[in-house]
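Trainee: What follows is each chain in one-letter form.
Protein chains: 2
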Amino acid sequence: MSLQIIPSISAMQQLAEQVRLEGKRIALVPTMGYLHAGHASLIARARSLADVVVVSIFVNPTQFAPNEDFARYPRDLEHDKKIAEGAGADIIFNPTVEEMYPAGFSTTIDPGDVAQRFEGKFRPTHFRGVTTVVAKLFNITKPHIALFGQKDVQQAFIVKKMVRELNFDIQIEIAPVVRENDGLAMSSRNTYLSKDERERATALFKSLEHARKRILEGEKNLELLQLEMKKIIEASNPAQIDYIAFIHPDTFEELHSLETQDIIIALAVRYGATRLIDTFHIHQPALL
Amino acid sequence: MSLQIIPSISAMQQLAEQVRLEGKRIALVPTMGYLHAGHASLIARARSLADVVVVSIFVNPTQFAPNEDFARYPRDLEHDKKIAEGAGADIIFNPTVEEMYPAGFSTTIDPGDVAQRFEGKFRPTHFRGVTTVVAKLFNITKPHIALFGQKDVQQAFIVKKMVRELNFDIQIEIAPVVRENDGLAMSSRNTYLSKDERERATALFKSLEHARKRILEGEKNLELLQLEMKKIIEASNPAQIDYIAFIHPDTFEELHSLETQDIIIALAVRYGATRLIDTFHIHQPALL
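Chains A and B, in that order, give the protein sequences.
Take any residue in the first sequence, note its place counting from 1, add 945, and you have its number in my numbering.
Take any residue in the second sequence, note its place counting from 1, add 945, and you have its number in my numbering.
Honestly, the hints are just simulated from the structure, not real lab data.
Do not take every clue at face value.
Put simply, identical chains are the same to the list, so a pair is met inside one copy or across any two.
[As the list claims (entries may be wrong)] Below, computed lysine-lysine pairings styled on DSS-like, alpha-carbon distance capped at 27 angstroms: (1) 1140 with 969; (2) 1105 with 1066; (3) 1087 with 969; (4) 1165 with 1176; (5) 1066 with 969; (6) 1175 with 1027; (7) 1105 with 1087; (8) 969 with 1026; (9) 1151 with 1175; (10) 1165 with 1087; (11) 969 with 1105; (12) 1158 with 1175; (13) 1176 with 1158; (14) 1151 with 969; (15) 969 with 1027.
Modelling step: build the complete structure from the supplied sequences, incorporating the hints.
Mentor: Right, here's the structure in full:
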């Protein structure tokens, strides 16, 4: 199957229905395009799990606030076609904003309180936009399995919760963060960084590595760990640290002690006008 | 196929998936049980449209407010089995509240402003409960077509809007109100009425019939029509008239003149502690 580009919702639905009727499995990799090696690894993984791999490319306006970077978010369909096909995609679904959100659109999916924490404090309507568009993409591409990146760790948690609670019969796989050689998490937004900001942004990975090392050595004082991470990041002269959080992986509530076996650390930091997020999932062997 | 009773979500999903893989069509009739002739007509219509007819029976707690009749809503599965099988159902899906809403449940579907009008003024969280459970039932029973009654006219509008906006690949059919001989719309809640209340409640149908006659005769004064309907209903000594509304069928906004070809009249009236709703959809031939 050579790469097909499908912009129409109804054409995509009909094709997906036909594929399912043939007993074939569909995998969906939802993206906002400007594909990088992180996306390629998701697509390659999808290729190994399904008969037909759909990559959706849609810069979803409803997950951006009015003051955010929707208009300048990078777009390059020709580049994306090469990356997607190279990684094994069969179909790119790239609908228009007008077809996805016709006049009068008002139905949204509200993830509940978890959408107001961490990222939600800085982007209060973001996750409602994410769950709504993901549900739409599920209903349009009809996947058996959908793959998301671990970098957006709160998104991954919220999507899994939505799938479970709304009974979407879809398996969700979360794939590890893919990083540049110096540790910076791959992101389409890295393209916004100046050369200088790009260098300073390695502090995020360094702070996470530091915390992991300290936790595995047995440190239990969260306030101290947070302070140490903050110092490492502050030394890189960021425009703002939005949050550095220790999170329970089952409830996505903030941890007040390190007595759980698994810990998520998540952070969001701005360099110039660019907002970056990163995360580690740490297993404490001492508690096994 | 003799009637199957399936309480498990995963068993229902697996069966639905198997049926779809065989190329058969599934019709869903979502109900809260205590089936009456209105439900039977929906099931019979579903029978004529699909290979497998699923009737869901679930008294959905999230569409009742704390002060409403969730606890006393009538339930009778043995009776429902007979009605459903007699009308041609293949499967009754009757999950538990605990399986539908496990601890920590927080994902809801928000229909937007339309859910705050008419019924929504008196039941502000009602339609959010409806859309959420209907989406769940769609994902569990995987229908090609789902049938709803016209009596709950705002619900029908909101469900169709959700299906369109979230891209559920499901055909929605709205079936006409089924009435008792004296015009009272069939409803499981009619069982709450005392003999006296039951008789007085025929005023709802009479008021709608009066409005239809007056509109078809050419009356354009909405305030006058509303007043005339109100007088007919008030003569029946109701506990409260919640609303009598003239509604645009495309936008579900309140009409301020009768210049549209199609008009929905909807009303909600209480007799004793029982809240009844009814509706007419009127086509004005003069505007054809």
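Trainee: Work down the list of hints and note, for each, if the structure agrees.
Mentor: Hints versus structure:
1. In this assembly of identical chains, the alpha carbons of residue 1140 and residue 969 never lie at most 27 angstroms apart, being 46 angstroms within a copy and 58 angstroms across copies at closest.
2. In this assembly of identical chains, residue 1105 and residue 1066 lie within 27 angstroms of each other by CA distance solely inside one copy; the values are 20 angstroms within and 33 angstroms between copies.
3. For a Cα distance limit of 27 angstroms, the shortest separation of residue 1087 from residue 969 qualifies both inside one copy, at 11 angstroms, and across copies, at 17 angstroms.
4. Only within a single protomer do residue 1165 and residue 1176 lie at most 27 angstroms apart by alpha-carbon distance; the minimum there is 18 angstroms, versus 73 angstroms between protomers.
5. For the identical chains of this complex, residue 1066 and residue 969 are neighbours neither inside a copy (41 angstroms) nor across copies (47 angstroms), given an alpha-carbon limit of 27 angstroms.
6. For the identical chains of this complex, residue 1175 and residue 1027 are neighbours neither inside a copy (39 angstroms) nor across copies (67 angstroms), given an alpha-carbon limit of 27 angstroms.
7. In this assembly of identical chains, residue 1105 and residue 1087 lie within 27 angstroms of each other by CA distance both inside one copy and across copies; the values are 16 angstroms within and 20 angstroms between.
8. In this assembly of identical chains, the alpha carbons of residue 969 and residue 1026 lie at most 27 angstroms apart only when taken from the same copy (23 angstroms versus 36 angstroms across copies).
9. For the identical chains of this complex, residue 1151 and residue 1175 are intra-copy neighbours only, at 11 angstroms inside a copy versus 72 angstroms across copies, given an alpha-carbon limit of 27 angstroms.
10. In the homo-oligomer, the alpha carbons of residue 1165 and residue 1087 never lie at most 27 angstroms apart, since the shortest distance is 44 angstroms inside one protomer and 48 angstroms across protomers.
11. When the C-alpha separation of residue 969 and residue 1105 is checked against a cutoff of 27 angstroms, the pair qualifies only within one copy, where the shortest distance is 23 angstroms, while the shortest distance between copies is 30 angstroms.
12. For a Cα distance limit of 27 angstroms, the shortest separation of residue 1158 from residue 1175 inside one copy, 15 angstroms, qualifies, whereas the shortest one across copies, 74 angstroms, does not.
13. In this assembly of identical chains, residue 1176 and residue 1158 lie within 27 angstroms of each other by CA distance solely inside one copy; the values are 16 angstroms within and 78 angstroms between copies.
14. Proximity of residue 1151 and residue 969 under a CA criterion of 27 angstroms is satisfied in neither setting, with 43 angstroms inside one chain copy and 56 angstroms between copies.
15. For a Cα distance limit of 27 angstroms, the shortest separation of residue 969 from residue 1027 inside one copy, 25 angstroms, qualifies, whereas the shortest one across copies, 38 angstroms, does not.
Violated hints, listed in ascending order, are 1, 5, 6, 10, 14; each of the other numbered hints is respected by the structure.
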